[in-house]
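Starting from the known structure of chain A, fit chains B and C onto it as the hints suggest.
Just so you know, the protein sequences line up as chains A, B and C, in that order. Quick note: the first sequence uses numbering that gives the first Met the number 0, first residue 0, plus one each step. Quick note: the second sequence uses numbering that gives the first Met the number 0, first residue 0, plus one each step. Quick note: the third sequence uses numbering that gives the first Met the number 0, first residue 0, plus one each step.
Just so you know, these hints were derived from the structure itself, not from any lab. Bear in mind the structure is a predicted one, so any value in this text is a computation, not a measurement. Among the clues, some could well be false.
DSS-like, lysine-lysine: derived pairs with alpha carbons at most 25 Å apart [said to hold, decoys possible]:
1. 198/A / 232/B
2. 198/A / 404/A
3. 199/C / 460/A
4. 247/A / 378/A
5. 471/A / 368/A
6. 247/A / 199/C
7. 322/A / 247/A
8. 378/A / 368/A
9. 368/A / 460/A
Partial list, derived from the structure: chain A residues whose beta carbon lies under 8 Å from chain B [stated by the list, open to error]:
10. 111
11. 160
12. 167
13. 170
14. 172
15. 196
16. 217
17. 218
18. 220
19. 242
20. 260
21. 278
22. 282
Residues from chain C that face chain A, not an exhaustive set, calculated with beta carbons under 7 Å [unchecked claim]:
23. 39
24. 42
25. 56
The C-beta atom is built at its ideal place from N, Cα and C for all residues, glycine as well.
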Amino acid sequence: MVRLETWLGTHNVSRASLHSPIPARLRQQLWPQERKLERNRLLMKLKNYRGLMALLVVLALVAAACGSSDSDGDSDGSTNGGPPAVCASDAFGCVEVASGDPIKIGSLLVTTGPNSSLGLDSQYGIEMALDYADGTFDDTNITIQGHDVVLVPEDDGCSAEGGTAGANKLAADTQIVAVIGTSCSSAALGTADKILGDKGVTLISPSNTSPALTAEATRNPFYFRTAHNDTLQGAAVAEFAYNFEGVKTAATIHDGSPYAEGLANAFAASFEALGGTITSQDAIQVGDTDFSGVLASIQAESPELLYFPIFVGEGSLLVQQAKTTLGDSVVLTGSDGLWSDDFYAAAGDGVFLSGPDVSAFAGDAALYKDIFLPRYAEKYGSEPLSAFHAHAWDAANIVLGAIEKVAVDSGGTLYIPRSGLRDAIAATSGYTGITGTLSCNGNGDCQPSATIAVFEIVGGKQAADPVFSVVKSLE
Amino acid sequence: MTPELRRSVRQGLIGGAVVLYLASVGMLVAFDARAIITNVVNFATVLIVITFAAFGYLAGRPGKGGEPAQPFLLAGAVTGAVAGATVGVVAVLVDFLITGLEWDVRSMWTSVSPTLMELLSFGQSPIVGALLMTLLGFTAGLAAGSLHLATTITRKVILLGLMAFVFGALGAPLFKVMLDGMHIPNRWLFDRDGLTITGAIVLFAAFGLARLGSFRVGGPRQALLKVPGTSEKNLRWVISVLALLGIAVLPWIVNDFVSDVLGFVGLYILLGLGLNIVVGFAGLLDLGYVAFYAVGAYSVAILTARSSYLVGGSVTAPAVAGYTNFWVAVPITILIAVVIGVAIGAPVLRLRGDYLAIVTLGFGEIIRTLVLSDWLKAKFGGPQGLTEVAAVPFFGLNTRDPQILYYLIYAFAGLALFISYRLKTSRVGRAWAAMREDEDIAEGMGVSVIKYKLLAFATGAAVGSLGGAFFAAKLSVANPGSFTLLVSINVLAVVVLGGIGSIPGVVVGSLVLVGLPELLREFGEFRLHIYGAILIAIMILKPEGLIPDKRRALELHQPDHQPEKSVLSAEATEGIQ
Amino acid sequence: MTTQSAAGSRYRLFLERFPVRRFVLVLLALVIAYGGAAGSIATLRAGRFSGEVWANLFISGVARGSVYAIIALGYTLVYGILFIINFAHGEVFMAGAFTAYFVAVGLASKGMLESNPIISIGILFVVSSLVSMGVAILLERIAYRPLRGAPRLVPLITAIGASLFLQYTFRGFYGANARAYPTIPAIQGTWEIGSFPVQKVHLISILGAVALWLVLFWIVERTRVGREMRAVGEDREIAALMGVDVDRTIVFTFGIGGALAGAAGILYVFLFNQVIFTMGFFPGLKAFTAAVLGGIGSITGAALGGLILGILETVGPNLFLDGAGVPSPNQLIPIVAFGILVLVLIFLPGGFLGAPDDKSRA
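In isolation and in its complexed conformation, chain A is listed as follows:
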């Protein structure tokens, strides 16, 4: 009785006085007795049936669990084939895909924040590749040996923390076969590549360009990429500057992002190797809007070319101010971080941008122009958002091809050996994708030679054909 009193006192009367429909005076007269009686009746009833109800709930749970457990991937007994020998010998074992379960491929791309257009563009490329792998665009993904292939997208946040969290989330799902990502090198280097590599999950990136990722000393054996190494693009832009534009002095600006800094340094090294002079290497802060100080400093050395491989927000402001401060004679050159309609509109004509040669991908050009691009516009309602959708497409196809090669069916369950998959991807040779003929080298670079082009902005758009194009190879 005491229990009920306290309970009513604390919980009910106060709440009831707020919510009850009955007028206040009436309520105060009627309430305590009415409620108590009603509740006691209810409690008595419940007490009688308590055991029965609990039993029913438990039975229902058990029944539901048993009913579905047959088809669950992790429960054994109902399958009769057993894992093939290759799984026992594989250092990381196999991904087991039970019959009826999908094959899961993860993606780890930047889909939030200011760089999201880079990641979304790649994600679209993957989605289209999974759709088209059977030869048609029909909004249904390819199936491999009767299993649907599904994409599990994750965000890399373009940062080391984001890459770690996303990689841990994907690594926790033992059904993930391989991961396509990351968008930003800082999300992969020493973080995502290691976390996934330690679990034997292959990571293949469509847009990482940092040389460190495939450098002998720092690479992870489970890491690959279809994007070109910064060293290639830096060298190509240097050749454009020195040989094509014929300039002998150049200045660089980076914005403190690893991408921009790496590219600016690669350019400077190649430009000086060609015989040019770097007059100054400067830097700005992300979020700055007024670049009069840095431009004055650059102008003091009067370089003939300014290379700024930065991003859209600062890039368009920098170009506008550079045009007034430096005058028309200085060649303004950016890179693929600036590939966006917003930049073309803001920057105006006469600016050069380097990047992969989308006009004539060395690979299947017809596929790209006649099938890929129209479908992209139809499905996502815009021109490609960034430069790496085709690299993502190629990465996805390499993964699919490798899965088909190594997957073993046994008693309805599909077994995909993890190291075996890695080896199959590493053995990729002479695969004709959109971006070129891809062959992975020993360090994980699947694009050891790439065609880099420089496009001019004409009439507020990036010209369809490049002004300069060159094939560069690692070593």
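Then chains B and C, alone, in the frame of chain A:
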């Protein structure tokens, strides 16, 4: 128009505006693809219905100051219908703008896509769609209003059941992976990214029954007390032991990802405790706490990294001949942080309040700029940062494994917790409290303000740098991108949200503020959007923090402050004007 | 405190007799001042920059500083009355400029920007100010009013929440990409002052800021509502007793601050014709710094702080650091700006024009 009716209409208009807001920022379209019950109902629909119902329910609530209760069924229905009609009418207008006047609405309002228009009109013509929307609002409002008819238990049971099933559905991808990891069959519960019908019913029933059960015995605490031999006193012990046990086995129940998130929560507990000493105990507003986090991370990185950074493809020599053991590096790091803390604190001792805030903010930015700069690149690696930071050596265990690192982080968080408690009640803590309340009087009473301020800065810096040290060892990199102003703000939010000066508050605050955004990953690009809204909502509902510090709470509840006013929701304060 | 040890009291005595802290501070200031001066002399001696370049940098600094100053007025007004830091003020600024973009595009497509530049600019100012004012008033109503009387840190956290919420709201409304403002031909190019060419946008921003500042000064100092604002800032309860409608005055303050931020947004797009949903964050932060530098709560101080900060940011890195051989000096703007701030606050703890001992404490 009676006042009640006017109020219902006003609530309805606000409800309609909320749905229109959700539509115009793109949430409805994005959540249309997100299942609650697979192939039955999606999140966008649930969001619309919940909004209508919530305003219908609110409209039926009795007013303040003994205002007579309304006929809540009618109020709910009117509110819902008005909300639905608002949405419908605007949708019809927009449709007219697009099709009738051929305005390119989407060039301004990017989220007003054909998909959205179709969603708002249920695939029908605009007029029919508007009528259907009004009907939906009417039904939802009526249902919500009728909740006022039910007994308190029934209402709570229904609400909890509904919440359980919505949250269960939103967390489905995460829970599914966790259950798979534990080899628990779950196909009857989850289907791809949503619940099955069975799952929805089971979740609703399970949580509803649990709530009913706890009502019956008067809450879990009462239930435990009924067990023979328990009393209030030993119950506290039992709960503490259970909590510790829970913390100890947690990583093995959840998967790597959740352990990783919990590790981050632990780091923020460390940081929060450190900042709590500066802000909560000593009353010095520090907006640049990230400086110490960065100092910790970079010191450990420089001391233990195997190779430094890479430029243009060539491996340069290590900044310092690396390979120092983490446990040797940590004391050095703490020493460096204390020196920097004192160096930052000393020049600004005379500053108070917001001047101190902006100066510390400035120091945070200065440190970030320094590690990012080309100028000191030879030391700190510039934008590329320092990589290959050694893992924490611990009896040969793999401390990069989130489930192992978890214990290390929480061990140190526990240590910081202990130190915080001891400091708070010690002579130092009392000196800080005196200083916080009134610096001049404290000084007059013989508290050396200079000494205690510096002590606060130094202690805060030491704890913060410890957090940074673990951060670098956990990620294996120290990169300037990780040390932005946002970190300082987040840590401060942890302290304030938990309750300024409250030690358990820091723990709860970290769980809410760091755990939440990670779990909100399911909302994709709307993660920070919702986070911002939650921050505002919590502060308005509980301005004293989730677990207020007792002494501070007393200050707040002095009669002339009238905190009761502000504790009420925004809606309730209308009457005060 | 009678149990203090002998050593402790000796230490205290020593502290009292010899101003160690003061000594250290002066020493520190001397070192920094010497560094700055040496850097400046080296830069000027190296002669990389002509006098014209310095003048240009200075003017662009003043223009940038004018925008900071006008945003800072909003911070200072709110602070002067409620003693809270309205961290979401940068987003109020963004809201106006971003919304006015669509008006500007509409005007451009009708050719109004070319044919009637003055009317168009007027429309832009009005639209931007109204939108910002609306956002500021809503912000006060939803995020701050329920928290009157709460500890001062609490509204700071809601302000941060509101800042995120507003940013992503406008991203949802208008999209995530940066948008280039249509150019207004009438304000392109330069004017000759004497024989020295000055960019028109710079001059317009500076003059516009001066005008806005004068208007605000007049409102606060000469009108009835201005008197009420000052009264509420002085003592809310007494003001209420004297018949001032406190709520109305606070709403009015937020409204004025918002309108100023909206106008500053248009000045900003004259200078940097580009809008994006994140554009409010850094100017907001800089303006807050400017308000503190000038002495928070002081209108003249906010203007002064804004100007000084703007000039420091453009001229400072090149002047102090370039000659000292620091690579990429312009990357170090935060160090220059905040370094000077710390230096000023060490000797003038209330900023240039503020009371050294404000009534506020965290």
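Results for each hint:
A threshold of 25 Å between alpha carbons decides the hint, and for residue 198/A with residue 232/B the separation of about 47 Å lies outside it, so the pair is violated. With a C-alpha separation of about 21 Å, the suggested pairing of residue 198/A with residue 404/A holds against the 25 Å cut-off. A hinted pair counts as satisfied when its Cα atoms are at most 25 Å apart, and residue 199/C with residue 460/A does not qualify at roughly 28 Å. Straight-line distance between C-alpha atoms of residue 247/A and residue 378/A comes to about 45 Å, which puts the hinted pair past the 25 Å bound.
Our distance criterion of 25 Å between C-alpha atoms is met by residue 471/A and residue 368/A, whose separation comes to about 23 Å. With a CA separation close to 35 Å, the supplied pair residue 247/A and residue 199/C exceeds the 25 Å bound. Under the criterion of a C-alpha separation no larger than 25 Å, the hint pairing residue 322/A with residue 247/A is consistent with the structure, at around 20 Å. For the proposed pair residue 378/A and residue 368/A, the alpha carbon gap of about 15 Å is at most 25 Å, so the pair holds.
At roughly 18 Å between alpha-carbon atoms, residue 368/A and residue 460/A fall within 25 Å of each other, so this suggested pair holds. Taking 8 Å as the C-beta contact cut-off toward chain B, the hint placing residue 111/A at the interface holds, the least distance being around 5 Å. Checking residue 160/A against chain B by beta carbon gives a least distance of about 6 Å; that is within 8 Å, so the hint holds. Taken as an interface hint, residue 167/A checks out: its beta carbon lies about 4 Å from the nearest beta carbon of chain B, inside 8 Å.
Checking residue 170/A against chain B by beta carbon gives a least distance of about 6 Å; that is within 8 Å, so the hint holds. The criterion of a C-beta within 8 Å of any C-beta in chain B is met by residue 172/A, whose closest approach is roughly 5 Å, and the hint holds. Taking 8 Å as the C-beta contact cut-off toward chain B, the hint placing residue 196/A at the interface is violated, the least distance being around 11 Å. Annotation: interface hint on residue 217/A holds; nearest CB of chain B at approximately 7 Å, less than 8 Å.
Against a cut-off of 8 Å between C-beta atoms, the interface hint on residue 218/A is violated, since the closest Cβ of chain B lies about 11 Å away. Of the supplied interface hints, the one on residue 220/A is violated, with its beta-carbon coming no nearer than about 16 Å to a beta-carbon of chain B, more than 8 Å. With a cut of 8 Å, the hint placing residue 242/A at the interface with chain B is violated, because the nearest CB-to-CB distance is about 20 Å. With 8 Å as the threshold, the beta carbon of residue 260/A comes within range of chain B, its nearest partner Cβ sitting at about 4 Å, so the hint holds.
Given the 8 Å rule on beta carbons, the hint for residue 278/A is violated: about 15 Å separates it from the nearest Cβ of chain B. For residue 282/A, the shortest C-beta to C-beta distance to chain B is roughly 5 Å, which falls under 8 Å, so the interface hint holds. Using the Cβ-Cβ criterion of 7 Å, the hint placing residue 39/C at the interface with chain A is not satisfied: the shortest such distance is roughly 14 Å. Interface hint at residue 42/C: violated, since its Cβ lies 10 Å from the closest Cβ of chain A, which is beyond the 7 Å cut-off.
Against a cut-off of 7 Å between C-beta atoms, the interface hint on residue 56/C holds, since the closest Cβ of chain A lies about 6 Å away.
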